[in-house]
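Going down the list, the protein sequences come from chains V and C. Going by the UniProt record's numbering, the residue at position 220 of the first sequence is 220; the numbering climbs one at a time, nothing skipped. Going by the UniProt record's numbering, the residue at position 456 of the second sequence is 456; the numbering climbs one at a time, nothing skipped.
Note that these hints are calculated values from the structure, not bench results. Just to be clear, a hint being listed does not mean it is correct.
[Said to hold, decoys possible] Lysine to aspartate or glutamate pairs mimicking EDC-like chemistry, simulated, CA-CA at most 20 Å apart:
1. C:LYS59 x V:ASP168
2. V:LYS59 x C:GLU249
3. C:LYS557 x V:GLU206
4. V:LYS552 x V:ASP563
5. V:LYS728 x V:ASP707
6. C:LYS59 x V:ASP188
7. V:LYS371 x V:ASP470
8. V:LYS557 x C:GLU206
9. V:LYS59 x C:ASP188
10. V:LYS59 x C:ASP192
11. C:LYS59 x V:GLU249
12. V:LYS59 x C:ASP168
13. V:LYS557 x V:ASP645
14. C:LYS640 x C:GLU96
15. C:LYS59 x C:ASP188
16. C:LYS59 x V:ASP192
17. C:LYS409 x C:GLU479
18. C:LYS543 x C:ASP563
19. C:LYS741 x C:GLU709
Protein chains: 2
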Amino acid sequence: MLTLTTLTDPAFCPHSLNKYASLMISGNGYLGVRGTHEEAYTSQTRGMYLAGLYHRAGKNETNELVNLPDTVAIELQLDGEIFTLLAGEIVNWQRELNFADGELRRSVIWRSTAGNRFRIDSRRFASLDQLSLLGLQFSVTPLDAPAQINLSTGIDATQTNCGRQHLDEVSVRVYGEHILQGLYRTQDNAADVVISAFCQLSTASERCFTARNRRLNCHHSLAVPQGETVTLEKIVWVTHRHEQTVSQESFAKKAIVALEHCVAQGYEALLQQNTKAWETVWHRSRVTIDTEEKDDQQALDYAVWHLTAMTPAHDEHCSIAAKGLTGEGYKGHVFWDTEIFLLPYHLLTHPETARNLLRYRWLNLAGAREKARRHGWPGALFPWESAASGNEETPEFAAINIRSGLRQKVASALAEHHIVADIAWAVVTYWHATHDEAFMRKEGLALLIETATFWMGRATEVNGRLEIHDVIGPDEYTEHVNNNAYTNYMAWHNVSQALAFMQMFNHQETSFTPSAQRFLQRLWLPQANEDGVIAQDDTFLSKPVIDLQRYKAQAGKQTILLDFSRAEVNEMQILKQADVVMLNYLLPAHFTLQQCRANLAFYEPRTIHDSSLSKAIHGIVAARCGDIDTAYRFWRDGVKIDLGDDPHSSDDGIHAAATGAIWSGVIQGFAGLDMTDGELRLNPALPTSWQRIRFPLTWRNAQLEVDIENDTITLNSDEPVSLMLWGKPIVVSGRQCWQRKDFNVTEIGTATMEGSNES
Amino acid sequence: MLTLTTLTDPAFCPHSLNKYASLMISGNGYLGVRGTHEEAYTSQTRGMYLAGLYHRAGKNETNELVNLPDTVAIELQLDGEIFTLLAGEIVNWQRELNFADGELRRSVIWRSTAGNRFRIDSRRFASLDQLSLLGLQFSVTPLDAPAQINLSTGIDATQTNCGRQHLDEVSVRVYGEHILQGLYRTQDNAADVVISAFCQLSTASERCFTARNRRLNCHHSLAVPQGETVTLEKIVWVTHRHEQTVSQESFAKKAIVALEHCVAQGYEALLQQNTKAWETVWHRSRVTIDTEEKDDQQALDYAVWHLTAMTPAHDEHCSIAAKGLTGEGYKGHVFWDTEIFLLPYHLLTHPETARNLLRYRWLNLAGAREKARRHGWPGALFPWESAASGNEETPEFAAINIRSGLRQKVASALAEHHIVADIAWAVVTYWHATHDEAFMRKEGLALLIETATFWMGRATEVNGRLEIHDVIGPDEYTEHVNNNAYTNYMAWHNVSQALAFMQMFNHQETSFTPSAQRFLQRLWLPQANEDGVIAQDDTFLSKPVIDLQRYKAQAGKQTILLDFSRAEVNEMQILKQADVVMLNYLLPAHFTLQQCRANLAFYEPRTIHDSSLSKAIHGIVAARCGDIDTAYRFWRDGVKIDLGDDPHSSDDGIHAAATGAIWSGVIQGFAGLDMTDGELRLNPALPTSWQRIRFPLTWRNAQLEVDIENDTITLNSDEPVSLMLWGKPIVVSGRQCWQRKDFNVTEIGTATMEGSNES
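Only chain V is shown next, with the shape it has when bound in the complex (with noise of 0.2 Å):
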C-alpha cells in the first residue's frame, strides 16, 4: 500500500462532529457515507447518498440528493449502560481517514460511568472496486471486567433531509441469519433503492431481529470475558434503479447474490481489493511535496481523496454535486463548479472522466435548450443549478424573509448565464488536453454551436455595437448589469471557439458563420485603461469604495449582509468575487501580465472572497503574475476552508471546488501549468518552503511524469510531447532533464506570460 497521509479528527467533540462527517465521509462517486460515529449524537447528521438520486419531498421544495436509509448507526449497551462518549471518559482516542484506501478507523479506550474500560473500535470504508460496496467492522473489547454487550444495529430508513421524506418503505425482509434487506422507492415512484446488509458477530449471541416503524435490526446480546474482543462485521450493498426493467423483486434478489459474493470475501480482502483500485487513482494523480509544512502534503492528498471520493465518473447521467456526496448543502446540486474547478484536474489525471461530465451535459442539452426557448432565446441555455435532468432546479423563490414574510425571485436562474460560456470553455479545454476528435465532432460541436447561438442572441444592438445587458457575473454580489466583463470576453470566446471548430471540422451550417463573425466584430468587450484595469460591468466603476477590512476578516461567512441588504451592496464596489481575475486565469492569453497585476491589485481590496471559490484564483493568477509569497497566501487560505479551525465550516459537506482549487493552485499555480491556448504550457515557481514538487499528467496520448525541485525540472514521458518551458518551445520523450538558468527568465513567470500573448 502507498504511503500517504492521513486525516485526523484530532478529539471527540460535540462541536465538530458535523465537520469531520464530512471530511471524513466513506465514497467513491457512486455512495457517500457520511463519516458520523456508530453511536448516535443529537447534533450528529448522518447520511447516505447516490450520486444523481434526487427527489423532490413536497411542494415548495426542489429536487435534492435523497438522504438514505442509514446503515452506520450501532446502538451498543456495556452492562446496561448506553455507550456515549459524552458520559463516562475518553481515556484514548485515534481516528483517522486513511487516503491511501479511504478507510476510516477510529479506536477509542473509554471508562463507562461504571468505571470499567473498553476498547471499542471501528473501521469503514466504501469500496472504490465495487461502487456498491460499503464495509464495516465494529470491535468491543472488555479491558477490566466480563461485560454484558447489547448490539443494535440494521438498516434506519427513518433518515430524511431535515424532516424531508423522499422514500416509501416499500418491503423489509430478514434472509436466513444474518442478512437484512430493505427495498424503497421514491414518493414520485421514479426510482427504487434496495439496502442490504450482512451482519455477523463473530462470537455466539442471542440474536433477534425487529422491524418496526422503518427500522429494521438485527440485535446481538452475549457476555464477553475481560480481554476478549467481539468483532461485528457489517457488509453493506446498495443499489438504485430509475428504469423498472424486471421485477423489484428480482432486482432485490441480484443484490443478495451480490452481497453473498462479497461476504464470502470478507472485510479484509474486500478492503484489499479497494486498496488496489486506489492505488491505480494515486498513481494517475497524486501530487507530492517535499516540505517542512507538512500539511501542505495532506491538503493535497485530501484533494485528491475527494475529487475521486466526489466524482461519478461511473456514470455520465450525472455530475459533481456542490458538496460531492458529503452533505446537503446546496441540495446536491451541479454549478459551474463542475466545468471551471473541477474539470482542470480530471482532464489532466482522468480525462475519460473528464468527458463523461461534459456528456452530462451534452445528455441535458434538450432541457437548456428548453429553458432558452422559454426566455425567447435561441440556443442552450444551460441551468444555473442542475440535478439528473438538464432542468432548471435554481428554487424560483430565495427563502423567505422572516421579517417582510416575502419571496425575492432568485436572480441566478434568470442571470448567472456566464454558466453557458463557462460550460463552452470547459469543452475546448477538453480538446486541448485531449484532441478527442470523435468527442468534438459529436458532442463538442454541438454543445459549442448551441451555446454559441444562445450569445449570438443573447446580445442586444445598442449604438451600432453590440452588448449583453441585464446579467449576473460570477460576483453574485453585483447583480443586472450590463456588459460585465467575464460574461462578455467569455461570450465572444465562445462564439470565436465555435466558429473555430466549426471550421476545423468542415462542420457546414451556412448562416451560422456570418452571424458568429459579425457577433466577434461587433461585440464590445470592455477595454483596459490606462493602467490595465478593466471595468467589471459598465457602471461598477462609478459606485462608491467602503472599507472592507472586518468582512474580509471573515471571509466566507457573508457578514456583510449582516449590515447591509443586498440591494446596498449592489450600489457599492464590493464583490463577492472578482470577476475580472477570474477572466484574468481563464482566457490569460487575452490579457498582458500588467494588465493581470493591475487587475489584481485593483480589484482585491474591493474583494471579500466570501465565495469558496475566490482566493483559490486569485492565488493562481499571483503566481503566473510571479507573486509567488501572495499565491502562496492564498492557496493556504483556500486549503483552510474545509480544513481550517472552523468548526462548523463543513457541516453540511465539503467545498466540492475549493477542492478542486486545492490541486489547481498547485497545478496551474505553482507549476505553472496552462493550456487554454491549446499548447501545453509550464513556467513553474515554487514556494519558498517547498523543495520539490512530482506530479503525473495526462496529455493527449502521453503519460508524463513532472518533477520541479528548485530550479531544475525533469520530465518524464511515454510519447514525445512539445510543450512550452518558461516561455521556450521543448519536446520531450522520455525522462529529460532541465536547468531554469538556461532559459533566459527576467522575473517570474514573465516569459510564458508574454508567450502567451504573442500567440
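Given the coordinates of chain V, assemble chain C onto it according to the supplied hints.
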C-alpha cells in the same frame, strides 16, 4: 390550589426517557406535548399532537396522528459546552408532574465538565383554560462563576413520525423582537397548522433569528454574573383548521393577536387560569382514598389527570386515541377502548363529554354504513380503528413478516365486529346515566337501530337457529370462530335495546320490530354448563390446554408469539384477554354470581393478560364476586401497566384504556357501582389496606358525593336520587349516612348481584 399527588421521574436515566415523556405530557385534550427534556437526547422522541389531526404520509401508510413541529427544544451552551445530562455531573435532580394543574417542573443542579455548577430549572404546562396555549419557562443560574450563556429555541419542523413527514412548510416569519411563527399545511392540502411562539429572556442579550432547513430559531447570547438567574419565557400558541374559510394569512394573523393577548398576561397568570380550570375538573371527578399505600392515591390522580388530558372534550369530531395524545402508538387511532373503558368515567363525571364521544360515532355513521354495505351487510359496521372520519383505518395488511416477506390481511377490521355492539352498549349506558331524551331520540336511536340492523343481517341461519360466524371477540388470540359468546350476547343486547328504546320513544319502523323479535328469539346464546362455565365459542373448549405460567409472568409482552405462530396459538386454549369475563362485566344482569365466579376461575388460568385491557376487568368482576383481595391485586397490576418499573412500558404512549380502568376498578370494583340495567347500584367493599374512599358522581340531574369509610357510607345529593345500596333500594336527598350492618349482606357483593338477576 388543591393539594394532589404528583408524579415523579426519580432520576435522569437514558433508558426511561420515553416512558416519562409519555407519562409527563402537557395536555388538555386539544394538544398533547410529550414530556421530553428541553435539551436533546438521541433516544428521546419528541412529539406534539393535536386531537383529530391525522394524515397519511405515503403509499403503504395509514392515517396517523401528525407529529407537529417541536417547540420544547432548547439548546443551551454554558461557556461553550453543550448542556447535556449525559456529561458532567448531576448534583441535584427533581422532576415532577403536578396533577393539580398539570405543570411539569424540573430543577437540576449540574456540574459542567469544566467543573462549574449551574442551576437549570424548567416549567411547562398546556393550558386547560385556553386549549391552544402552551407555556414554558426555562432558567439558568451560574452558581460558581460568571458564565457565557448561549440559548437557542424556536419552532423545529424537522420532526417526523418515525421518518414519515406530513407537513409542507408554507412559511416562517418573525414579528417584532420576540415572536416567531410557522405556517404548515398537510401534504394532502386538507389542513393548516399555525404555530406561533413568543420567546423573551429576562435579561438583555445579543439576539438573532435564523430560518433554515425547516427550523426557525431565536438565538440568545449573554454573559450572566455568578448567582444571577436568567429566565426564558416562551409562550406558544398552536392552532389548526380543516376548513379554509379565511385566507391562511388572516388565520395566521389571528394567532398572533391571541398569542399577544397571552403574552401580556405572562406565564404565572396564565398558569393560574389553567389551575382554575383544573380545579373544576378535580371538583367533579377526584377520587380520594385514605390508605397507607400512597401509590394508590397517586394512581387515581394520574388516571383522572390523563383522562382529562387525553379527551377532546371540546370537539365532537374526534374521539380518544388508544394512547391519548401522548405518543404515536396505534397511530393515534380510536378503538372500542373509548366506549368500553373510557366512557364510564365521563358518564359519571362529565356526561356532556360522554355525549360528545357518542356524537363522534353518530357523525361517522355514513362510513360505518358504507363499510357494512361493502361487505354485503345492512346497518352500520363501525371501523375497528378510526381516525378523523368514519372510515376504516386498520391497515389492510399487517406488518410484513420479515422472514417470509408475506403480509397477512389484518383480521380485526374484517372480523372484530363486536365494536358495533360495544357502541350500542355505550349508548344504552349513556341513557341510564343521563336520561338525555333529546340525544336518545336522535343520535341514540339512530345508533341503536343501525347497529341492531347490522347484527340482524350478520347472523346466519343454521339448523333453525341464528348463529354468528367467523368473528373475533375481544380475545384476539382466538380468530375466526363461530358463536363467540361475547359477540352473540352483546349482539342480542344490542338488538333488544334497540327494540326497547324504539318502543320507549314511539319510533315507528314497521319492518324492524318483527325482524328484531325473531332475531332475539332465535339467536343462539351459548349457555353455561353445569359448572357455570360458558364456552367462549363453538370450538374453544375442545382445544388443548398448555401451561402458560412463563407467559403470564411476562403479561403484556406477547412472548407467546416468540414460541408459537398465531395460527398455533389459535388452536390452543390461550387467551389474550377473557371474553366471557368481559361479558360478565358488561352485562352482569344476564349472569348469576356463581356463573361469574366459575368463568373467572375457568378462564383466568388460560389468560395471559397480554392485553392491557384484561386484568382491570378481571379485577372488577372479582370484586363483584366478593374476592376483594384478588380484585385489589388485579387493580395494582393494572396500575403498573404504565406506572410500573418497566422503563419501556410506555415509550410510544400511555395505555389510555388502562387509565380508564384504574378509575373504573375503584368505582365499579371497590365502590361496587353498577348501572348497566338502568338502576344505580352501589355495593362497596374496600380493599383491606384502604380505610376510605370519597368521590363525586354525576347521576342524571343530580350531583352526588359518595363517601365510603369502612362499613359506613355517606351520600350527599343535591337532588333526590333512588338507588340500590347493598341490594336494597334507598332514596338519597341531601346528606345521609348508612351502616352496612343494617343491610342483610351475608357475603360481599351477593346482595347486589342477586338483585341484578331478579330485574
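Hint check:
1. Taken as a hint, the C:LYS59 and V:ASP168 pair is honoured in the structure, with Cα atoms around 7 Å apart against an allowance of 20 Å.
2. At most 20 Å may separate the alpha-carbon atoms for a hinted pair to count; V:LYS59 and C:GLU249 meet this at roughly 18 Å.
3. Among the hinted pairs, C:LYS557 with V:GLU206 is consistent with the structure: their alpha-carbon atoms are about 18 Å apart, no more than 20 Å.
4. For the proposed pair V:LYS552 and V:ASP563, the alpha carbon gap of about 14 Å is at most 20 Å, so the pair holds.
5. Using a Cα cut-off of 20 Å, the hinted pair V:LYS728 and V:ASP707 holds, with the two alpha carbons roughly 18 Å apart.
6. With a C-alpha separation of about 10 Å, the suggested pair C:LYS59 and V:ASP188 falls inside the 20 Å cut-off, and the hint holds.
7. Between V:LYS371 and V:ASP470, the direct Cα distance comes to roughly 17 Å. Compliance with the 20 Å bound is thereby established for this hinted pair.
8. Between V:LYS557 and C:GLU206, the direct Cα distance comes to roughly 18 Å. Compliance with the 20 Å bound is thereby established for this hinted pair.
9. Between V:LYS59 and C:ASP188, the direct Cα distance comes to roughly 10 Å. Compliance with the 20 Å bound is thereby established for this hinted pair.
10. Of the pairs offered as hints, the one joining V:LYS59 and C:ASP192 holds, with about 14 Å between alpha carbons and a cut-off of 20 Å not exceeded.
11. With a CA separation close to 18 Å, the supplied pair C:LYS59 and V:GLU249 stays within the 20 Å bound.
12. Proposed proximity of V:LYS59 and C:ASP168 is supported: the alpha carbons are some 7 Å apart, at most 20 Å.
13. For the hint pairing V:LYS557 with V:ASP645, the CA-to-CA distance comes to about 14 Å; that is within 20 Å, so the pair holds.
14. Using a Cα cut-off of 20 Å, the hinted pair C:LYS640 and C:GLU96 holds, with the two alpha carbons roughly 18 Å apart.
15. At most 20 Å may separate the alpha-carbon atoms for a hinted pair to count; C:LYS59 and C:ASP188 meet this at roughly 13 Å.
16. This hinted pair checks out: C:LYS59 and V:ASP192 have alpha carbons roughly 14 Å apart, not beyond 20 Å.
17. As the CA atoms of C:LYS409 and C:GLU479 are separated by approximately 13 Å, the hinted pair is consistent with the 20 Å bound.
18. Our distance criterion of 20 Å between C-alpha atoms is met by C:LYS543 and C:ASP563, whose separation comes to about 18 Å.
19. As the CA atoms of C:LYS741 and C:GLU709 are separated by approximately 13 Å, the hinted pair is consistent with the 20 Å bound.
Of the numbered hints stated above, none is contradicted by the structure.
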